[in-house]
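Enquirer: Residues per chain are reported as follows:
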Amino acid sequence: MSSTNNNNNNNKSNINSHPVGRSRSQLPTPKAKKYDRQLRLWGDHGQQAIEQARVLLIGANAVGTETLKNMEDCGSNFFVELARIGEPRAKVCAELLRELNEDVIGDFLEDRLDVLLQRDPGFFTGFSLVIASGVRHSDLLVLSDLLYDRDVPLIVCQQHGMLATCQLVAREHFVWEAHPDNPLPDLRLENPLPEFVAFCDAQDLSAMDSQRHSHTPWLVILYKFLSKWRQANAGKFPSNYAERQAVRQLIRSGERGESDLHGDEENWRQAQSAVTTALLPSKLPSNVNELFKLADQFWLRRQQLSDSSAPSEDRQAAVPPSNWLLLCRTLAEFYRQRGCLPLCGTLPDMVSDSDRYVALLNIYRRAADADLVEFSRLLRVVCLDIGLSADSVPASQIALFCKNARHLRLVKTASYRELSRPLPQTVARCLEETAEAGPSPFWWYLLFHACDRFHTEFGRFPGDTDDVNFLADAGQLKLKCQQLAQDWLASLATTSAAGPTSAPEDLLHELCRFGRAEVHSVAAWMGGVLSQEGIKLITGQFVPETRTMLYDAVSQTFLPVF
Amino acid sequence: SSPGTDNRWRHVRRLLERAGPLGGPEFEPDPELFSAIRSDLVQILVVGAGGLGCEMLKDLALSGFVNLHLIDMDTIDLSNLNRQFLFRPKDIGRPKAVVAAEFVERRVSGCRVTPHFGKLEDKPLEFYKQFMCIVCGLDSVQASVIPLIDGGTQGFQGHCRVVRAHATPCLECTADLYSSTQQGFPLCTLAHTPRLPEHCIEFARIMQWPQEWPFGEEVPVDGDDPHHVDWIRTEACKRARQFGIREPDFRLTQGVVKHIIPAVASTNAVISAQCVTEVFKAITGCYPLLNNFANFSDIEGVAVNVVPLERNPQCDVCGQPPPKPLTFNSRDSLQTVINQLKSEHGMTRPSLTACVEGRDVTLYMDLSFLRDQLADNLDKSLAELGLLSNTVLNVTDSAQSGMKPVTFVLNLEDGMET
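Protein chains in written order, with the working numbering: chain A, 1 to 562; chain B, 1001 to 1418.
Heads up, a few of these hints could be off.
Said to hold, decoys possible - Heads up, simulated DSS-like pairs for lysine-lysine below, C-alpha to C-alpha not over 30 Å straight-line:
#: 1; chain 1: A; residue 1: Lys33; chain 2: B; residue 2: Lys1238
#: 2; chain 1: B; residue 1: Lys1119; chain 2: B; residue 2: Lys1129
#: 3; chain 1: B; residue 1: Lys1342; chain 2: A; residue 2: Lys34
#: 4; chain 1: A; residue 1: Lys33; chain 2: B; residue 2: Lys1129
#: 5; chain 1: A; residue 1: Lys412; chain 2: A; residue 2: Lys293
#: 6; chain 1: B; residue 1: Lys1090; chain 2: B; residue 2: Lys1342
#: 7; chain 1: B; residue 1: Lys1380; chain 2: B; residue 2: Lys1342
#: 8; chain 1: A; residue 1: Lys293; chain 2: A; residue 2: Lys224
#: 9; chain 1: B; residue 1: Lys1258; chain 2: A; residue 2: Lys34
#: 10; chain 1: B; residue 1: Lys1119; chain 2: A; residue 2: Lys34
#: 11; chain 1: A; residue 1: Lys31; chain 2: B; residue 2: Lys1129
#: 12; chain 1: A; residue 1: Lys34; chain 2: B; residue 2: Lys1238
#: 13; chain 1: B; residue 1: Lys1123; chain 2: A; residue 2: Lys31
Claimed, not checked - Label pairs and their in silico Cβ distance ranges:
#: 14; chain 1: A; residue 1: Gln118; chain 2: B; residue 2: Asn1305; range: 38 to 48 Å
#: 15; chain 1: B; residue 1: Val1307; chain 2: A; residue 2: Gln118; range: 44 to 54 Å
#: 16; chain 1: B; residue 1: Asn1305; chain 2: A; residue 2: Val197; range: 38 to 48 Å
Unchecked claim - Example chain B residues on the side facing chain A (calculated, C-beta under 7 Å, incomplete):
#: 17; residue: Leu1022
#: 18; residue: Gly1024
#: 19; residue: Pro1025
#: 20; residue: Phe1027
#: 21; residue: Glu1028
#: 22; residue: Ile1206
#: 23; residue: Ala1265
#: 24; residue: Ala1269
#: 25; residue: Leu1289
Treat the hints as calculated values from the structure; they're not laboratory data.
Owing to the predicted nature of the structure, the values given are computational and were not obtained by experimental measurement.
Beta carbons: idealized from backbone N, C-alpha and C, even for Gly.
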């Protein structure tokens, strides 16, 4: 299976293998060998973050233990469900894999969680990540309130038979390395690097022999014809499809159309196809613009607090900004001064002879290094300005930040309290949109909450009984569902116009059928997804899913609930 | 079974013993169904004991299946120990299938796992016949009549698909989906115009190694031997320095030499689980099967996308429409069959071949010079001709030139089956 990801085209080696080790002997350590396959995905620094993170799992049920197992495979250190504090982790893990009767643990856990949240909230806030699987709504409210403002991300999930929901709850999560699949190359063609210009000008395409001609990197070819077009168009940069096509035509006119010893002129073809991506006018990505605004707001507020005669408690609330905020503030300043983001410094591979490709790489790398130096200087000023030491941010982090500047983003969700009580307009819309093919995720989600209310009242889940008459629970479930929907719609002026608040009979029946069964393969699927989401949160790499999602193993869909 | 066991499987039993409106169209809940899926009738084969195969085995066992088979041709190597819970240092050198089987049997009581240490390709056709379903962690199984669930992963992406003969594309149909990730650099680039560290590595591996045989005459590159990899890296670095290219480290070198595909536990877990859910549906009929190809990616957000792939009509392996049944009595003559082909299947001059006792036999050819030779067959009964139920007949019509053979399957009301 492949997404036609051709490794040699986007220099993935830059991301996956920073030159490891400064010593000559580079044979891998046992740990590097053990984690080799995954190190190639998130690097040594990602692995380090995983191993240093402290993760709390609440919920020794199928989804929980599957998530635990996957993350432990990656080197995470887990704090295993409250009921087993102090026991050796390997023993517990082995038991969990074998033990399929969780009744005792489940009940015990819920009581303990309740109590512990009251008695020792500090226990929870010391973790890097909390995963809550199958935890009651009322406990989740308390848990989330505790974690949200302290920026401890929380992953919430529930399973009922062939269905499972999950939701990330995080006030702010910064993505350092998004690893986009096909990033546009950072070429600065609108405002070309002086060294690059000199390099290109020193080459005369028409005077080249066929060997040289067919091994000229497309970047040089593109630049030359772009310049020609710009000269003929009062210096402007191509701004639409037609203009880019004009440049492409110019390039085509420069082809020699001959086949030499080394094949036909693939570099000229590459130059023509590159027109679509390399000549797009650069603009500030919206995700980066958002970060600028955040940084500016933060600084403004800080300024206001220190200027004001606010009581000292409030001023204490002006905690030192996290590294990413410092960096974003600096980035905004850099952009204001230079009109561009720091140069990424890498180039895609392209047909070329060695010396010219290497020369180009070096030109771009030097320019990127210069931008990094400039950026670091600005950062020092920013730090000193607010009373922090000049080297508050490690050099490696600054370099990582600049390299990924175009793809940085802040991910955030509302608190669990807000997320689990959708806006009346949203509820009304979802109720009206009856799914054409099969049950809608929203109905399932509503029913999951109704099941929780059922559990609160009756001490068990609908259908979770050995009684053959399990369907009898459907009536009560339906009632709970109706009450809940009306509750959610309460503030709407015309609730009656919102559509049916009566759950489809099919769905009620199916949920009672499940009786909150933990179908193993469904739990394992969710465990796989949640473990990766956990890794994203811990490493700050890749982009987490922020929507409330429902996995339906019947249709094999994973869809947003709202 | 003890009360403990019953309780352990209550989740599965709910699905099998209770009716539900969203179930498969022919699903009938039955208290016996749980024992039925644990009877000898239900044998499941898992192909491959790698990251995916081991997860699938575990998921199948925890889903209640008890007759599992696992086939893999490798023994455990030091570099496999990151396959987490199944393999330990003491298992090095032992067949993967054997160790995985032992582990699962120990952990899930009542589950029997039969390991097969060898290549799937070496197994005869009969081997497949004992299985009700095959789950695949490798794409090397040819189209078969029983449902095949196939899964694959690469880094944070993966797929799960259901393959059923004649209903969905076979693996061959969609072979182009599995485009190789092999870094096939042009030789002239390696030799004359290297640009990337990878070029230097491949040059050392492909060209320098067989010139210098650093570890002995004719001793091939072993990507798992760190000394081999380090030799390649050293040579690659020399070349890189010569051309001003960034020098590769050990990890990159080994990655290129071994064509390593990055892998992570989470994607393997997801895809295995999805496959096993489909196996469960295929065996129990409790829900409709995936139709028929699901993509998965969790690089940005989490995306699952189901596509109903269509069969490739040009496919060599399965490009035939499903065989139409022809119902007769074993005493009926071949002529009767031919008459029906003419009257009900639009044929003018049908010619038939069939596979009888493993050999292709021409039953009748309606071409001038052969008509007489095989005319005797026309009066013979199907039984005399050695034709049994489920025999596949390939029929062409001599009156329609360039026509592809049409397959029929014989259904003898009284006859024995192949």
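Enquirer: Falls inside 44 to 54 Å, the C-beta gap from valine 1307(B) to glutamine 118(A)?
Expert: 50 Å, holds
Enquirer: With a cut-off of 30 Å on the C-alpha distance, tell me whether lysine 293(A) and lysine 224(A) pass.
Expert: 38 Å, violated
Enquirer: Can you confirm whether the C-alpha distance between lysine 1090(B) and lysine 1342(B) stays at or below 30 Å?
Expert: Given that 30 Å is the threshold and the Cα spacing comes to 68 Å, the pair is violated.
Enquirer: Is it true that the CA of lysine 1380(B) sits at most 30 Å from the CA of lysine 1342(B)?
Expert: Distance of about 18 Å is within 30 Å: holds.
Enquirer: What's the verdict on lysine 412(A) and lysine 293(A), does the C-alpha distance respect the 30 Å limit or exceed it?
Expert: 15 Å, holds
Enquirer: Compare the distance between the alpha carbons of lysine 1342(B) and lysine 34(A) with 30 Å, and conclude whether the hinted pair is satisfied.
Expert: 67 Å, violated
Enquirer: Closer than 7 Å between Cβ atoms is the bar; does alanine 1269(B) clear it against chain A? Give me holds or violated.
Expert: 3 Å, holds
Enquirer: So if I understand the rule, the pair passes when the alpha-carbon distance is 30 Å or less; does lysine 34(A) with lysine 1238(B) pass?
Expert: 28 Å, holds
Enquirer: Can we keep the glutamate 1028(B) interface hint, with Cβ of chain A closer than 7 Å?
Expert: Violated - the Cβ of glutamate 1028(B) stays beyond 7 Å from chain A, reaching only about 14 Å at its closest.
Enquirer: Would you mind confirming whether the straight-line C-alpha gap from lysine 1119(B) to lysine 34(A) stays at or under 30 Å?
Expert: OK: lysine 1119(B) and lysine 34(A) at ~26 Å, within 30 Å.
Enquirer: Does the interface hint hold: is leucine 1022(B) within less than 7 Å of chain A, judged Cβ to Cβ?
Expert: Holds, because the Cβ-Cβ distance from leucine 1022(B) to chain A comes to roughly 5 Å (cut-off 7 Å).
Enquirer: Between glutamine 118(A) and asparagine 1305(B), does the C-beta distance stay in 38 to 48 Å?
Expert: 44 Å, holds
Taken one by one, the earlier hints fail for this structure at numbers 3, 4, 6, 8, 11, 13, 18, 19, 20, 21, 22, 25, listed in ascending order.
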